[in-house]
Amino acid sequence: MKNSNALPDFRTSPVVDHVGIEERVARFTTRSIKKASKVQALKLALNMIDLTTLEGKDTPGKVAQMCYKALHLCDQLPGLPTVAAVCVYPTHVRQAKAALSGSPIKVASVATAFPSGNTTREIKLSDTRFAVSEGADEVDMVISRGEFLQGNYAFVHDEIAAVKEACGSARLKVILETGELSTLDNVRRASDIAIHAGADFIKTSTGKIQPAATMPVTLVMLQAIKDHYYKTGKMVGMKPAGGISTAKLAVQYLVMLHETLGDAWMTNQWFRFGASSLANDLLMQVAKEARGPYQGKDYFSND
Amino acid sequence: MAAAVAATTSSDINSMSTSSTKRSAVPSLSFFKDWTYVPAPESSDHIHLKDQYGLFINGEFVRPHSKRYFDTINPATEKKIAEIADADEKDVDAAVTAAANASAKIWKRMPGKERSKYIYRIARMIQERAREFAVIETMDGGKPIRESRDVDVPLAANHFFYYAGWADKLDYAFPNRRPQPLGVAGQIIPWNFPLLMAAWKIAPALACGNTVVLKPAETTSLTALKLAEIIQESGLPAGVVNIVTGFGKTGAAIVNHPGVNKVAFTGSTDVGKIIQKAIAGTGKKATLELGGKAANIVFDDAPIDQAVEGIVNGIFFNQGHVCCAGSRLLVQEGVAEIVIRKLKDRMETLIVGDPMDKNTDIGAINSKEQLKKINEYISIGVNEGAELYQSSCTLPSKGFFCKPTLFLNTSQSHRLVQEEIFGPVLAVQTFRTVEEAIEKANNIPYGLSAGIWTDKGSKIFNMTSKMRAGVVWANTYNKFDPTSPFGGYKESGYGREGGLHGLLPYVQW
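Line by line, the protein sequences give chains E and X. Taken in order, the first sequence gives residues 0 to 302; the numbers are from numbering that gives the first Met the number 0. Taken in order, the second sequence gives residues 0 to 508; the numbers are from numbering that gives the first Met the number 0.
To be clear, the hints were calculated from the coordinates, so they are not data collected in a lab. Just so you know, not all the hints are guaranteed correct.
To be verified - Cut-off 27 Å, straight-line C-alpha distance, at most; resulting in silico cross-link-like pairs (DSS-like, lysine-lysine):
1. X:K283 x E:K230
2. E:K247 x X:K357
3. E:K42 x X:K32
4. X:K272 x E:K225
5. X:K343 x X:K357
6. X:K272 x X:K89
7. X:K49 x X:K357
8. X:K89 x X:K248
9. X:K357 x X:K32
10. X:K343 x E:K233
11. E:K233 x E:K68
12. X:K439 x X:K397
13. E:K33 x X:K357
14. X:K465 x E:K225
15. E:K34 x X:K397
16. E:K33 x X:K397
17. X:K478 x X:K343
18. X:K343 x E:K225
Stated by the list, open to error - Quick list of the computed label-pair ranges, beta carbon to beta carbon:
19. X:Q126 x E:A35: 33 to 43 Å
20. E:A289 x X:T393: 27 to 37 Å
21. X:R177 x E:V18: 33 to 43 Å
22. X:K78 x E:T29: 22 to 32 Å
We put the beta carbon where it would ideally sit given N, CA and C, even for glycine.
Isolated chain E, as found in the complex (with noise of 0.2 Å):
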């Protein structure tokens, strides 16, 4: 405490009990969401959706056609939302910005050699600056894991505080591949770095990992940001990514942010989705309030 820029002992971040963890999420995912209720949920959880398409085989055809799902969801229902962004590799940034211009969605871009994260520091800021350039609202790195679990807290920290500044403007999110860090306790102490280091969003996932974004998981994080702004009133946002894919999840993901930092994580400024298929699965159940019956899967267009 002499220094005080000196970096904190991660090692002595708050403990976690498993137990207690899941337990506390058992009880989230008994709230009974109904009616109007629900309706709400759905429509704020179709805003915070980052559709994603993160795949070797991506081309423009494929985001061009994501971009126009973005921006017209379901044009048969009235007074949807938009989604929060499209995520895709850097190469596709410049294509998805001009697709979305005029439009609220942001287009944020996989960084950082991306899912694995296995290179040298110079390519990943290189990578990160290119994303920039080419228009990218929002960076999602991934930590060194590999660092991580040796220990190297240091290096971790640093390297995420050196691409939050070739992120310029850009909102960073830190993706720390939770599926990799094997304990809850580390869960924590991954957050906590990330948010020391200057992370806009902590992100569980890359989604090429299982398990992907869990309810335990995100609750740790979610308790990680809210000791954050406890102690310096700043807000941090929190994106799971991965396994989310049903409506029914998603409202329970969002009780839970509800009941853990209120009011204000309610938006897509502070909380997202990374998920390619759960939209169509909101819409249906948008539908199903609306309309009456539920409608088949062909009702809603896959792109």
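We have chain E already, so just place chain X on it with the hints.
For chain X alone, kept in the frame of chain E given last:
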């Protein structure tokens, strides 16, 4: 951080005022302003209730000798649900006689394997009608449907399942001792877990070959009477279980009846003492499960968010109507501020209101009398100078409700800390050392339960061996299981219910 703590503790009046202005600038969270949960009430359409309930004696529902009935009401609406028979001494005598006959002629002679079939059948029937039991429990007692559905009813069924398993294995429970039943067990249960307490009492008694006369509490007789219907349908021989309803006088008639061989009571320490006196010298065996004022102890190395959750479960579960409730919070000074802050924020997200709503966390106080008692204690706390904090929820205009309540800055000498309130009221004290925590936790006439929150295993083992309490939970609270014994030290009573230990009070050699 260390400097900030020092500044606050050594502050004079002036710096106090600066620190309080600073405090108002502390970032705060807001909850339930933009998004609220519309009511999601559990349906009560499928519930079958009669207008009037008689006494269940010798396998039949009969009218009480007194011909008197009293109303049972829904504490959340104050509306009458049904009329309940008020049993007098003659009724109790009939019940005890029926139980004694059933014991002598059938039940104690029946092989354990056969007894267990009946107990299993009761367990399965409770499961089959779980929803009905949950709804009635909530209507009659005021507890949230979430709790009666997820805790009370499944646990009640599990107790019957568990003790059904013991019925034919008593020789293995007590090797080389040839356990024999006692005869007739007179059982008196409280209003906080009506069906669950009936299960705790009836299941081990039947497993060991005893017959039963059970009296539920006057405000919550309905689920016991529904259980009587199940028992009737199950084909359990007449007189093996008898259920008589009424007030304290009915209970006294059971305790004093010469045909009763064993008394099992769960309730207040005051009544426990009366029972103890009444049976002195009669040779009746007894188990008493009485009051509590448990310490939930949070060390500075605890998982704080989970500890806060445990504090909430400890004191606000079932509106704090829990004998083993964690009604005293002992928090180590280094983390007191953050624990209290998180606790207050967590309390804002507790939904108080209609117990039938699936989202309700805190339901109705069981009775007008109990609400009065809780409110009296809240004024006592205020008059004692403790700092009152209540969540900002609004209470329904009808029914008996109480906001979740904290009293901060209390000391061991506050009545609020010493006496059992049996409501959603938590007394918060701080401590500095492990020794101080042990001293404070044990310095109370009760000793039913305790909670320990620390990340350090050795500290858990040290603390559990030092707590003078029947149940000690580590990094959790209010966990119940049929396989685990439950009972008290000191004024919290004696005898154990649950587990292998729960058989012992129902056998002789």
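Status of each hint after checking the structure:
{"no.": "1", "hint": "X:K283 x E:K230", "in the structure": "violated (61 Å)"}
{"no.": "2", "hint": "E:K247 x X:K357", "in the structure": "holds (16 Å)"}
{"no.": "3", "hint": "E:K42 x X:K32", "in the structure": "holds (17 Å)"}
{"no.": "4", "hint": "X:K272 x E:K225", "in the structure": "violated (49 Å)"}
{"no.": "5", "hint": "X:K343 x X:K357", "in the structure": "holds (23 Å)"}
{"no.": "6", "hint": "X:K272 x X:K89", "in the structure": "holds (25 Å)"}
{"no.": "7", "hint": "X:K49 x X:K357", "in the structure": "holds (25 Å)"}
{"no.": "8", "hint": "X:K89 x X:K248", "in the structure": "holds (12 Å)"}
{"no.": "9", "hint": "X:K357 x X:K32", "in the structure": "holds (20 Å)"}
{"no.": "10", "hint": "X:K343 x E:K233", "in the structure": "holds (20 Å)"}
{"no.": "11", "hint": "E:K233 x E:K68", "in the structure": "violated (34 Å)"}
{"no.": "12", "hint": "X:K439 x X:K397", "in the structure": "violated (39 Å)"}
{"no.": "13", "hint": "E:K33 x X:K357", "in the structure": "holds (11 Å)"}
{"no.": "14", "hint": "X:K465 x E:K225", "in the structure": "violated (35 Å)"}
{"no.": "15", "hint": "E:K34 x X:K397", "in the structure": "holds (25 Å)"}
{"no.": "16", "hint": "E:K33 x X:K397", "in the structure": "holds (25 Å)"}
{"no.": "17", "hint": "X:K478 x X:K343", "in the structure": "holds (23 Å)"}
{"no.": "18", "hint": "X:K343 x E:K225", "in the structure": "holds (14 Å)"}
{"no.": "19", "hint": "X:Q126 x E:A35: 33 to 43 Å", "in the structure": "holds (35 Å)"}
{"no.": "20", "hint": "E:A289 x X:T393: 27 to 37 Å", "in the structure": "holds (32 Å)"}
{"no.": "21", "hint": "X:R177 x E:V18: 33 to 43 Å", "in the structure": "holds (41 Å)"}
{"no.": "22", "hint": "X:K78 x E:T29: 22 to 32 Å", "in the structure": "holds (27 Å)"}
Checked against the numbered hints listed earlier, the structure breaks hints 1, 4, 11, 12 and 14; every other hint is satisfied.
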